[in-house]
Amino acid sequence: MAGLTGRMSTVVKAKVSKLLDRAEDPAETLDYSYQKQVEQLQNVKKGIADVVTAKKRLQMQESTLQQSVVKLDTQARQALSAGQEDLARAALERKNVAQTELQGLDTQVAELEDQQQKLTDSEQKLRAKIEAFRTKKEVIKAQYSAAEAQVRISEAATGVGEQMADVGLAMQRAVDKTENMKARADAVSELEAAGTFEDITQLGGGEDDIDRQLKQLSSQPAVDSELEKMKSELGQPAAAPQIAASADAGEAPPAAPEEAQPSESGGQA
Amino acid sequence: MIVRISGEGQYRLADSDAQRLNELENGVVAIVEGGAEDGFGNAFGALLDYVRAHGTVLGDDELETSDVIIPPADISFEEASREFTGEGLIPD
Numbered sequence: 001m002a003g004l005t006g007r008m009s010t011v012v013k014a015k016v017s018k019l020l021d022r023a024e025d026p027a028e029t030l031d032y033s034y035q036k037q038v039e040q041l042q043n044v045k046k047g048i049a050d051v052v053t054a055k056k057r058l059q060m061q062e063s064t065l066q067q068s069v070v071k072l073d074t075q076a077r078q079a080l081s082a083g084q085e086d087l088a089r090a091a092l093e094r095k096n097v098a099q100t101e102l103q104g105l106d107t108q109v110a111e112l113e114d115q116q117q118k119l120t121d122s123e124q125k126l127r128a129k130i131e132a133f134r135t136k137k138e139v140i141k142a143q144y145s146a147a148e149a150q151v152r153i154s155e156a157a158t159g160v161g162e163q164m165a166d167v168g169l170a171m172q173r174a175v176d177k178t179e180n181m182k183a184r185a186d187a188v189s190e191l192e193a194a195g196t197f198e199d200i201t202q203l204g205g206g207e208d209d210i211d212r213q214l215k216q217l218s219s220q221p222a223v224d225s226e227l228e229k230m231k232s233e234l235g236q237p238a239a240a241p242q243i244a245a246s247a248d249a250g251e252a253p254p255a256a257p258e259e260a261q262p263s264e265s266g267g268q269a
Numbered sequence: 001m002i003v004r005i006s007g008e009g010q011y012r013l014a015d016s017d018a019q020r021l022n023e024l025e026n027g028v029v030a031i032v033e034g035g036a037e038d039g040f041g042n043a044f045g046a047l048l049d050y051v052r053a054h055g056t057v058l059g060d061d062e063l064e065t066s067d068v069i070i071p072p073a074d075i076s077f078e079e080a081s082r083e084f085t086g087e088g089l090i091p092d
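Line by line, the protein sequences give chains A and B.
Take the first sequence: its letter number 268 is residue 268 in the numbering used here, and every next letter is one higher.
Take the second sequence: its letter number 59 is residue 59 in the numbering used here, and every next letter is one higher.
No wet-lab data here; the hints were simulated from the structure.
A hint or two may mislead.
[What the hints assert, rightly or not] Straight-line distance between alpha carbons at most 20 angstroms, and here's what the computed SDA-like set of lysine to any residue pairs gives:
no.: 1; chain 1: A; residue 1: 15; chain 2: B; residue 2: 72
no.: 2; chain 1: A; residue 1: 45; chain 2: A; residue 2: 169
no.: 3; chain 1: A; residue 1: 141; chain 2: B; residue 2: 82
no.: 4; chain 1: A; residue 1: 15; chain 2: B; residue 2: 79
no.: 5; chain 1: A; residue 1: 177; chain 2: B; residue 2: 72
no.: 6; chain 1: A; residue 1: 177; chain 2: B; residue 2: 82
Treat the numbers as computed from the prediction; the structure is a model and nothing was measured.
Isolated chain A (complex conformation) (with noise of 0.2 angstroms):
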């Protein structure tokens, strides 16, 4: 046969038969094979509905951070209007780790969009080798003999059956990719759920652990240089390091935002 020799086709085709070998003996079995044919077809149809349920989630997340991003940038510049300095940029660290996972959604979310589309080509594909089966099932049985006509449907339902391995296979590769995405999703929701998106105006003075740990999450350097532009938009100062802000809570430390920030702050996620 002139099949390839390389190890990748021949991987790849190894799971298929493997898949093809845990499937019915079709030729045990000519009329149920069709009937089984039929009942993957609704597993194939379930795992696209579960794709679908995955995205939809993911989707309302993004929806919510979206607003989120709104209110703390208004926060923000709410707060630097108030002279609040420290305020505006908790605000805009959070605005900033909000926009970090949003652009991870949309990434996410436009993987399992092209999942869902590939999914349903294949499923379409497989239901019209499904219906061509059943037609040549019949077409066969009254044509040859019952040996004959043994061999011949088995060897088109081993044509089915290929397909329908190969739609397993598509199936467990968007399972494992919304099962990776589902870990960040519920990262994003226990954010959400501890407020991490919520009021700014509602931190007191003092730095809690959420705000420590927000620092670290969030891109100083985007956050340092979001502050000079809201600032010179506001018609502040730049950097200047101590104006009128006495109002202010008071143990805001001396030091230019510059010489205070490390430039480094990928690392813990």
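Place chain B on chain A using the hints.
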């Protein structure tokens, strides 16, 4: 020769295409075994393009078993590395 691109569909190719396919596939595996992602996308893309360009798509009513199955087009370098290097699924 029937070639399936996993997650995409089946193609019918001339038996004489096998040699070129083999070369293309070995090229991909060599990159994966080298461990550096550079060139992986191009090499794998060339393999897929060859199948798509030289093959004719099998109709949905054709119930054939594939002689060759190629991984899905969106396989990542990491996934490929897990599957096709070291012992792989089938040690040789």
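Consistency of the hints with the structure:
no. : hint            : result
1   : A:15 with B:72  : holds, 13 angstroms
2   : A:45 with A:169 : holds, 14 angstroms
3   : A:141 with B:82 : violated, 45 angstroms
4   : A:15 with B:79  : holds, 14 angstroms
5   : A:177 with B:72 : holds, 14 angstroms
6   : A:177 with B:82 : holds, 16 angstroms
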